[in-house]
Structure formats: C-alpha cells, structure tokens
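Novice: What follows is each chain in one-letter form.
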Amino acid sequence: MKTVTLTLTNPSELFIEGQNITPDNFAGRKAAEIAALDVWEGKQKSPLGKYFTVEGDGGATAEETKIVLRGDCTRVKRIGQQMTAGEIVIEGNADMYIGGWMKGGKIHVKGNVDSFCGIGMEGGELVVDGNAAHHLGSSPRGEWRGMQGGVIRVAGNAGNDTATFINGGTIVIGGDADIHISTHGEGGTVIVKGNAKGRVGGQMVKGDIYVYGTIENPLPGFSMVDEVEQEVDGETARFAHYIGDLGERHPTSKGKTVYANLYTKL
Amino acid sequence: MPKRIENVGCPYCGVCCDDLVVTVSDDGKKILEVENACAIGNQIFHHATSEGRIKLPRLRQPDGTYKDISYDEAVDYAAKVLYNAKKPLIYGFGSTNCEGMAAAAKVAERAGAVLDNCASICHGSSFLAIFDNGYPSCTLGETKNRADVIVYWGANPAHAHPRHMSRYSIFPRGFFTGKGHKSRKIIVIDPRHTDTAQVADIHLQVKQGYDYDLFDAFRTAARGHEIPAEVAGIKREKILEVVEIMKKARFGTIFYGMGLCHSDGRNHNVDIAISLTRDLNDYTKWTIMAMRGHYNITGPGAVWSWQYGFPYCLDLTKKDIAHMNPGETSSVDLAMRDEVDAFINIGTDAGAHFPIEAVKHLKKHPWITIDPNICMASEISDLHIPVGIVGVEVPGIVYRMDNVPIQYRKVIDPPEGVISDEELFERIHKRLSELEAEETAKGPAKAAPEGARAEE
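Protein chains in written order, with the working numbering: chain A, 28 to 293; chain B, 3 to 458.
No lab work stands behind these hints, which were simulated from the structure alone.
Wrong hints could be hidden among the right ones.
[Said to hold, decoys possible] In the DSS-like style, the derived pairs of lysine-lysine whose C-alpha atoms are separated by at most 27 Å in a straight line are:
id, chain 1, residue 1, chain 2, residue 2
1, B, 108, A, 70
2, B, 412, A, 70
3, A, 72, B, 365
4, A, 233, A, 220
5, B, 5, B, 321
6, A, 72, B, 444
7, B, 240, B, 287
8, B, 32, B, 412
9, B, 250, B, 187
10, A, 70, B, 365
11, A, 72, B, 108
[As the list claims (entries may be wrong)] Over 10 Å on every C-beta distance to chain B, these chain A residues come out as not near it, computed from the model:
id, residue
12, 137
13, 168
14, 180
15, 183
16, 229
17, 246
18, 264
Cβ atoms here follow ideal geometry from the backbone N, Cα and C, with glycine treated the same way.
So that you can see chain A by itself, here it is in the shape it has in the complex:
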C-alpha cells in the first residue's frame, strides 16, 4: 500500500470542500497530479496544492492507496466522500460529511468531526476517536433510504438525529447521544454505550437500538415485553426489551407483526 501525506500548510479563509480527497481519486496519480486536483473554497476552484503540501504518490488502485491528513483540518469538508476502498487517516479534527455516501474502505479520524458524517453510508468503516456532531449516519435530506451498511464507531458523544431512516449497518457510540436516534428507522443497529436524551426510536418501523445508560425521556410508543440476554459488540449482558414505535405502521412477516426493538441494559 502506498501512502500519500497531505499537510495543510496554507489554511483557507472560508471552508475547503475536499470531495476529491479520496483513495479513488488519488489512485494512479503522482504527487504533482494529486496537487493539481480541484478543491473549492466558496465559488473559487483551486488546486489542492494551494492549501496542502502533497508527499508521496497514489497506489495503482484505491485499495492500495492510503491518505494521511496532517495539520488542522477543522475547516475541511467532505474528506473521503463516496470512497469505495483504501484508507484515510485524519490526524486531528475534520469538518462535515466525512465518509458521506461511503461504499468501502476505512476512515480513521483521531479528533472530532462535525455534522453529517457517514450520511447515506453503504459500506466500509468510519472510526472517530473524538466526538461527532449531528446527523451521524443519517439519511440526506428528503431521502427515505438512509444508511444501508457499514460500521460507524464514535468513541465520544454524538449530537442529535443519529441514524435517521437507518436501513442497515451498525453505529456504535461510546459516549452519550442527544435526541432522536433511529427516527423512521427501517433496519440496522445503533448502540449507545452512554446515556440517551430522548426520542429514541420515534416513528421506527424495524431495527434495533441498545442503550447502556439511561434514557432521560422514553417515548410513550415503546412498551416493555421481556428481559433478554444478548451479545452486543463482543460482550454479553442482560437487557430490558421494549417493542415499538407502537404508533407507527409495522409490516407482518410469517403472520407476525414485526416491531423495532429497544434494549436498555439492566
């Protein structure tokens, strides 16, 4: 695997839109060619090299390309957007849409990320060591087919609207989550290892949510049915099992109504 190192040496005045910073776009390109790729700052289109110094060439394919971003990328959006393979390591913070519409490969952010990260994700892995803001693994506006697959791991806290319209895949939040988890969910799994504030599983049709801590305001549409022992993210524990959202429509499978499941740790 070949490594391309981008160092942000000339920060932008506004925000940089770096949708071209993906292994797919870097593959088969020399350092100088990578530096000539387009990035946007508002309406100004500039070469990547205006802001970043580029070291190393891309691999032959996306799978063989690793990108390391150094410097403060707090004002860089859309890194790894729509990537299908390869690896990206962001040494610090990053802005919005990191790993948005991602199909494969791996992104590792060592700092925090802003909103809309991992939206519309279909596959691959997004790991954030810090916190994530809002709309983590959510669906893009107006899209009723949300996250389809892949794994998102956030070690810290997440903001509101996590996993809206989730259809598949897994989101693991190490800390707390704000309101609205898996709203309109039709599948997939969300695991919150800290506390959840409320509106967990509102309008949810199918899918699973695990909350290890407390839910400050549980919804009236969820009803407890039994206690179960389950293995979650490599550890086994006992959970109170709720079904819901009883106010929402639910499909039937083999003569039985399918509900969304909410598990809270006992």
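Add chain B to chain A, keeping to what the hints say.
Specialist: Relative to the frame of chain A, chain B by itself:
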C-alpha cells in the same frame, strides 16, 4: 374626489387577506383610509405615506454616518461586493413579490451566492419534514367550507395571524359549515394559555418541548395501544378524549406554528404531525397546514423550487449545481461558522431576527440592506437601498400560506425615483455581467489551436 379601491391584498401575514378597501386622496399621493384590515395591516398602508421615507440609497462613510448616493452607484457597489466575495449570502424575501425573488435568484446564480429566505429561521424545518414525509394539506377555502374540527398546535393566530380565525378556521360560515363556530370543535395545544387558547373548546397545556412525545402518544392511542398515565404533562383520559374527537370529525385541519418547528427536534415535530394526519385519514379526512408567517414567505419556496428544485438554503456557489442542506447552507449556520464573506439582507430584518452572535460574524464583511424602511439591519449596514413597498406601491404575485398564488396590486406610486426589488436586482445582474465581461477581456486571449499551418 378620493378614490376607493376594493379587493386589495394585504402585505402583512400569510393569511393574505384580499378583501381590503383602501381610500386614496385626490392626487393619489396619500392613503386616507384602510377598511377590513387588522391593526397591523392597516399600519403598513398608512406607514407608506408617512413622513421620513428614505428615497435614495445611503452609503456608510468613514465617520460612521450615511451619505445619499444614486441608484447607479448603489448598484455598482452591490455588484462589486457580490463579484469579489468568495461566498456571498443573499437572505430575506419574506416581504417582497415573486418577481423580485426570481430576479434575485438570477443574481445569486451569476454571483455564485447562497440564496436563503426567512423560512431558514421559521418554517424551513417544515420543508424538511415535508421532504421526508409528504404534505397532506388543503387550501384555506376547503377548511372554511368543510372543517368541523380545528387544531392549532404551537400557533397563536390571535396575535400572529389576526384574521385567520375569522376568515378561515373558527368563525366563518362555509358551504357545509353553515352554523359557523357553533358547529366547530376547536382544540389548542400550547404550553401557554394564549389568546387563541381562550376561544378553544379544549386547551392541552403541553409541557414545553415535549410535543413529539405527545404526538407519539396520540398515534399510539389512535392505533388502540396502551399509553402511560401521563404524557408531556397531559393526562391519559384527556389524550384519549381528543383522539376520539379527531377520529369522529367530518373534516379536520391541524394548523401548526413555531411551537413545533422551532422547539427541540424541529422538523421531527412537524414530521410526526404529518404522520398523525396520515393515520387519521384511515378514519376520516384530515389535513395539515403550516401557519406561514409573512404574506409572501411561501413565494420563494414556490419560485426557487421551480427554478432549482429546492425551496431554501440554496448553495449556488458551484453555479451549475444547486446544493441544499440546512445545518450547513442555512444562513445562521453559515454566519456562526464564518462560512460567508458578504451579506445582502432583502425584505426582512436580519439585524432584529438573527442571534446577536450571528450578526456579529456577518458584520465582519460587507453588509447591504434592501428595504423600504429604516430597520435594525439598515442601521448597521454599509449600504442601504430603499425600494417600493410591495402590495402598496409595487404590484406582483404572492403566495398565500396554503400555496395559492394571488395577484397583488398597487394603490399608490412609490416616492419619486424609488425602484422595485425586481428592477434593482435586474440592474445588479446587468452590472455583474459587465464586471465579468471586463474581467474576461483582461485575461489572456484564447490559446491558438495547435498544429502546423499548411503552406500557402
């Protein structure tokens, strides 16, 4: 003799009353009387011919004062600000006509700007819910003629839309509602005991910020499942009673306001209200409608959706593609994140409506206000361009809160020399095109085609 003009539209709120009668003086210069309008609508007409109207653009001077300049100079200034900025923001449009909005969109597209309207801090979250969940709505006429159950949720029309209740929802006698308010059930859901709640048959005093939970309880109860003894501060019996009334209605409308779209959860509160409306249609006919604020704030949604496919928060910086994602491309977020470097405030007052922090961020860059009147935004601007008042001095199309377009007309002429929003934006567009052409002419000539010339 003074002239009486009938069936005049009112340029105040989203109800768009079109039954005003305006009496204008002999010389057509003074508005003498306005009949049928509410106190606020009345004031808008009288204000037009009162003292102290601004008649020329005003440019900020180094000593902090304003100096009158010509429209040509103002157009040049605005075009240069837009041309030089990397990401200008054009925001407002609550109080202008659709013609002005279309012209502004032309400017935004040419300038590579972000184009946003007051929905951004108002009913924009309703759009997001409508994208996600549809909009089972109706016109106000249908509500007037058919509805026997009216729900006001998080809205206070008694103050914000003064004639809404008398024209469309509670009091009028319609085709199938001949008994007027006597045959209607009024349910108001609001954390405060508002003046609207005073006229309600049932007032549910929901705990502030728990509307989503209450909707969930309504939906769960409507499907016949158990609900907790109390949800959002409302007793189970009361919830079941209201659900029963809603199911037994002949025709119902939920009117909702800022209580839903600007309390915690925003679009999700509206989203679940739409879900409840859909559920109730299993039993009877129910509809839902946003209580849009200004008389033509529905307009930019209609105009720009037609032009670009999105109603608000349009990022046109890439010129050939429109991108929209509130949270990123919404005005207050752009300001707070320092993501824009020029600001045009038109037909609204961002100085008064935006959070003070957002105003401080925007003030780091050029700020232009386009407004007929002196407002907070005009007083902190670098340039203030006055325009004619739509509905009083300028005619045009406006969209009522139920998406019905209405042709507004003018009753008097604008002060001499004052132009309309549409003309102003057309002139800015022309100047922008000139600037672009000048810049292109300065650049290197087109490269000569490669290859050897054939011998002569």
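Novice: What hint numbers does the structure not satisfy?
Specialist: Numbers 2, 5, 13, 16, 17 - these are the hints that the structure violates, sorted from lowest upward.
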